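Peer 1: The primary structure of each chain is shown beneath.
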Amino acid sequence: MIIGLDVGGTHADAVLLSEQGVVKNIKVPTDASNLFNTVLTCFNLLLDSTDISKVKRVVISTTLTTNSVVQRNLDTVGIIVSAGPGIDPMNFKRGEHYYPVSGSIDHRGREVQPIDAGEIAAICEEMKQAGIRYVGVIGKFSPRNPAHELKIKSLINDDFDPVFLGHRVSGNLNFPRRISTVFLNTSVYSLHRNFFNAVSDTLKQKGLTIPIQILKADGGTMNLATSMEFPGQTVLSGPAASVMGAIPHAPTDMDSLVLDIGGTTTDIAILVNGAPLLEPVGIGRGKYKSLIRALQTISKGIGGDSEVTVKNKKLKIGPHRRGPAMAFGGPSPTPTDAMIYLGKMEDGERVLAEKAIAMTASKLEVPNLEAAQMIFHETCARIVEMTRKMVDQINSKPVYTVHEFLEGYQINPRKILLLGGPASFMAEKIQELSGIETIALPMSSVANAIGAALARTTCEISLMADTEQGMVYIPEENYSEKISPKYQKSDALETARIFLERKAIMSGASQENLETELIEFQEFNIVRRFSMHGKIFRIKMQVKPGLIKDFSLAAIL
Amino acid sequence: MLKASKKTGLVFFPAFDWAIDPTHPEREERLLYTQDQVMEEGVFDIEGVVEYKPDIVTAHDIQRTHFCVPDEASVTTESHMISAGGAAAIARAVMEKEIANGFALVRPPGHHAMRMVHGGRGFCYINIEAIMVEMIRQKYHVRRVAIVDTDCHHGDGTNDIYWHDPDTLFISIHQDGRTLYPGSGFTGELGGPNAKGSNLNIPLPPGTATEGYLEVIQSCVLPAIEEFKPEIIVNSAGQDNHYTDPLTNMNFSAQGYAELTTLLKPDIAVLEGGYSIEGALPYVNLGIILAMAGMDYSRVVEPDYNPEKLKQPSNVTDHIKRTVRIINDYWSKRHEMREKSGKPGTIQERHREIFYDTDNIFERQKEKIRICRDCAGAMEIDSQAMPGTRVIGIHIPLNACHACTETGYDMFEQAKKSSRHDRLFLQNRPNDQYIIHDYKS
Ligand SMILES: [Zn+2]
Ligand SMILES: [Zn+2]
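In order, the protein sequence lines correspond to chains A and B. 474 is the number that the numbering used here gives to position 474 of the first sequence; each next residue is one higher, with no gaps. 1249 is the number that the numbering used here gives to position 249 of the second sequence; each next residue is one higher, with no gaps.
One chain only, chain A, in its complex shape (with noise of 0.2 Å):
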C-alpha cells in the first residue's frame, strides 16, 4: 500500500491506495501554526485500523517552506557570492550577511581572478560574530568550474555546518537565480530538517519504517537524505502534486490541459502525451524565481470565491477574493453564488446567493437569471481565455536553432482535465466554450494526494565535455576526468547515463522507474584561426516526471 499526504494552505488531504483502488481519503483542516500536527493528525486517521506492515511508500507534500517564504520566517544565514565582469552582484543581494567576494572564472570555467583566502577569513570571522550557522557559496559561472566555490568551502568549513554550494543545484547557467535558490537552500534548513526528522522519528515508533519520500516542485520525488541538501525544491509541491494526480486520467498519445480550479485561483499545466511540462529554466514565478526544477504552470486570480464586480455595466470577475461566496456567509457576489442560483450546485444558503445575484443584476440592469448566466460565462470563458494565452505562449517561446524553428514542437491540446470544487459544474460550459473535450477528475478533491502518493522520484544532470580542454565535467555530481581527444557524443551520452541513474538511486528511486530522458544536447567545434582544436558537447538528461510503474492505476481509473 502506498500513503500520499499533500498538506495545503488551507486543508490537508492523504489517501491511502491499495492495488484495489483508494483505501480510505481524508481531508483535514491544516493548522497553520503547526504543521507537524497535521501530518501527525492524518497519518492517525489514514493508519487506524490498517496494517502499517503493508505500506511500501510513503509521499508527503507540505507548505511548510513555501509558508516560510511568504511569511519570511527564515533564518538568518550568509550568503558569499564572487561575481567577476557583468551585472553588479549587489543588485541580487539576499539576507543581511551578504559577501560579494573577489574571485572570478569566465564562460568557459577558466579562473580570470583567485579567491583571495584572507577576504574570506574576515568574512568568516564576522559571521561568526553574527551567529550565523548556514552559509551559502555562489560563484558566477560556477556550473562551468565549482572550484572557487570549493575552495570557499574549505576555508570556512570548519565553522558553518552545512554549507550549501551554487554548482550543486542546478547545471542551468543564471547566476541571480543560483544565488536565490542557494540563499532558500541554506535559509530554510534547520526548520526542513526539524520538521521532517520529528515527522520520520514519529512514523517510526508508529512501525512505519520505510523511508519516507518527500515531494518537489517539478512532480517527482526525493528521499530524506538528498532533501536535507535541497530543501528549497518542496516549495510550491502541491501545485505539482494536483498535476500528478490527473496523470492517470490523461491521454497518452496527445497533449492535454490540466486545470486546478480553487477558490482563490486557477493553476494550468500542460501534459504532452501525458508527461508533464516542465519551466525551461526554473520556477519562474516572482519572489520563488529560481534555478529549482518545477513544472509549468500558470496561476491566475480567478475561482469559485473570486469577487465579481460591475463597472460601467461591464462584469468582472476576480482576481481578489474577498472571502467565501455570499451563499456561504461571504462578503460580496461570487461566480459560486451563480452557479447555486442557476441550480448547478446544491449546497449553501440558496436565498444569500439569491441575494447577490440581484445585487450584480441591479448593476448590470439585466433580470436576475440573465446576471447568474453571465457570470457563469464570464468566468468559464476568462478560464478558457487563459488556458489559450498560456498555450500560444509556450508556443512562441523562442528557440536557437534553424531546426527547432522550422519543425519545433507545437503543443495542441485536445484534452482539457478539471479538478478542485467547481470542476464538475463547469467541465461542460468549458468544454463549449474551448471546442476541446473537458471532463471533471473523478475523486478531484483528493487528486493532489493520489498525485503526490504515485509520483516517481526525479532529478537531472549536466554534463560538459570540451576536447580542447581534455575533461568531462558534471558539475552538480561534482564529477570531472580527463578525456582523451577522440571522446565523442556516444562516450558523453553514456556517462551522463550512468550518473543520472545513480543520482536517480541515490535520491530513492527504485530501478524500473528510471525513465530517463535526453532533454538537451549540443556539440561545436572550437575553432581557432580557422582549423579545429577540439569539441564542446553539452548534455542534459532527466528522470522524468512521471508515475511510478509498479502500482496498478486500473484501480483509480
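Please keep in mind that the hints were generated in silico from the structure rather than gathered at the bench. Everything numeric in this text was worked out from a predicted model, so none of it was measured. One thing to keep in mind: the hints can contain errors.
What the hints assert, rightly or not - Residues from chain A that keep clear of chain B, each with C-beta distances beyond 12 Å, as calculated:
no., residue
1, Phe-36
2, Ile-87
3, Pro-89
4, Glu-96
5, Glu-111
6, Leu-208
7, Gly-274
8, Lys-287
9, Ser-396
10, Gly-408
11, Arg-538
12, Gly-546
Stated by the list, open to error - Taking lysine-lysine pairs in the DSS-like style, the calculated list, with each CA pair at most 27 Å apart, reads:
no., chain 1, residue 1, chain 2, residue 2
13, B, Lys-1053, A, Lys-397
14, B, Lys-1003, A, Lys-287
15, B, Lys-1416, B, Lys-1440
16, B, Lys-1006, A, Lys-389
17, A, Lys-540, B, Lys-1139
18, A, Lys-397, B, Lys-1416
19, A, Lys-397, B, Lys-1440
20, A, Lys-287, A, Lys-389
21, A, Lys-204, A, Lys-503
22, B, Lys-1097, A, Lys-300
23, A, Lys-300, B, Lys-1003
Note that CB positions come from ideal geometry on N, CA and C, so glycine has one too.
Got chain A; can you put chain B with the ligands on it based on the hints?
Peer 2: Then chain B with the ligands, alone, in the frame of chain A:
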C-alpha cells in the same frame, strides 16, 4: 529585482545548426559564449527585458530590397530568412510600442549584401537591416530612417541599397578600406546624385580606440542625425572593431560599445560581424543590452582589458580629427552638392565591378538613374555575373514622383525588348509589387 529603465526587446537567434563551412569564422558557435554570458547574467529575468521569437521573412519581403538572381530561394537558406526575421520581429515590437527599443542578436549577418544579389559577399547574402527597414516603411509608413553601421568593415551592401535614397541617412564607421575588406567606404563616397550627403562614410585608421569612436559619434554622427531628424535610428552593431578580433586591427572595448549605444540611442540594433567569439562578443553584447535597457554597465569589462595597452596613439587621434572635419564639411554642403550633381530629368550612368568573395563571382554593372529633386529617382541596373547570368533590375522607389514612375515603366518596356539578358525584374515599391520577366518563355 533588477529593472530596466527602458523596456528593451531582444531576439536571440544563434542558429546553432548553421555555418558556411565548419572552420569558417561565421559558424555555429559564434554566439554560444554570448548566450552563456547573457543567460548566466540572468538578463531575461530583468523586469523590462523581453525576449522575442524571430519571425521568418518571405520572398516578397526580400523583393522590396533585392534583385536575387535567379531567385530568392537560390541565394538564401532558412537561416537567412530567420536572421532577417529576427530584426523584423524587433522592428515590429518597436513600431507597435510594445518596447522602447530592441536588439536582434542574430546570425548570419547581412550588411555586405547589395541590391543585386548573385551570391555571397563577406559572409552576407541578404541585407537584414534593409529588409527590415523596407518592411517597416511598407507597414508603418515610416519615411526617414537613419542607419548607423558600426561594424569594422565598410557596410558596402547597405551603402549600395540606399545610395540614391535621400530619405535614408546611412553612416558607416569602419576601418580604412586600404587596410581591410571590402576596400571601400572612403570619405568622398557620399551617395548618388539624388541623395548626395545622405551617405556618410567615415574610415578610421588601424589602432583607433574607444576615444576615437566616441569622438566620431559625438562630433559627426549625432549632429548629422539631429539635423536629419529620422523617425527611426537603426544600428548595425558589428563587433569586429574589438581589440581581440582576429580579422581587424582596432582597439574598441566593451565599455566603449556600451557608451556608443548610450550616445546613439538606437531604436533598433542588429548584430552584424564580430569574430572574437570568446574574448569580445559575450562582454560587448552584454554591454549593448544593458545600455539599451538604460542600466548600469560599468562592471562589464573583458577579463584581459587593459586601458593602458589600448591607448590611442596621438597620430591616430589627429587623423580622426581631420576625417571628422572632412565629413562635417561634406554634410554641411550636401544640398549644394545635390544641386550640382546633374540636371533634373536627365539620366546619369555609372559602371561598376563587384566581387562576391564568399562565392567567387565577379559582376559587372551598368546603372542608370534619373536625376530628380522630388524623389529617389527611377533606376535601372544591367548586371552580368561571371560565372552566372545577365539580368536587368528596374527600381521605382517608394514615394516616387510621377515622372520617375513613368520612367521606370518605360525602362521596363524597353528592357523587355532585349535579346542579351536572361531575366528582367521590376521592383515597383509604390505598388509593393515585384515582376519577374523571363525572356525565354
Ligand atoms: Zn565586419
Ligand atoms: Zn522623381
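Peer 1: Are there hints from earlier that the structure breaks, and if so, what are their numbers?
Peer 2: The structure breaks hints 2, 3, 5, 8, 9, 10, 11, 17, 18 and 19; every other hint is satisfied.
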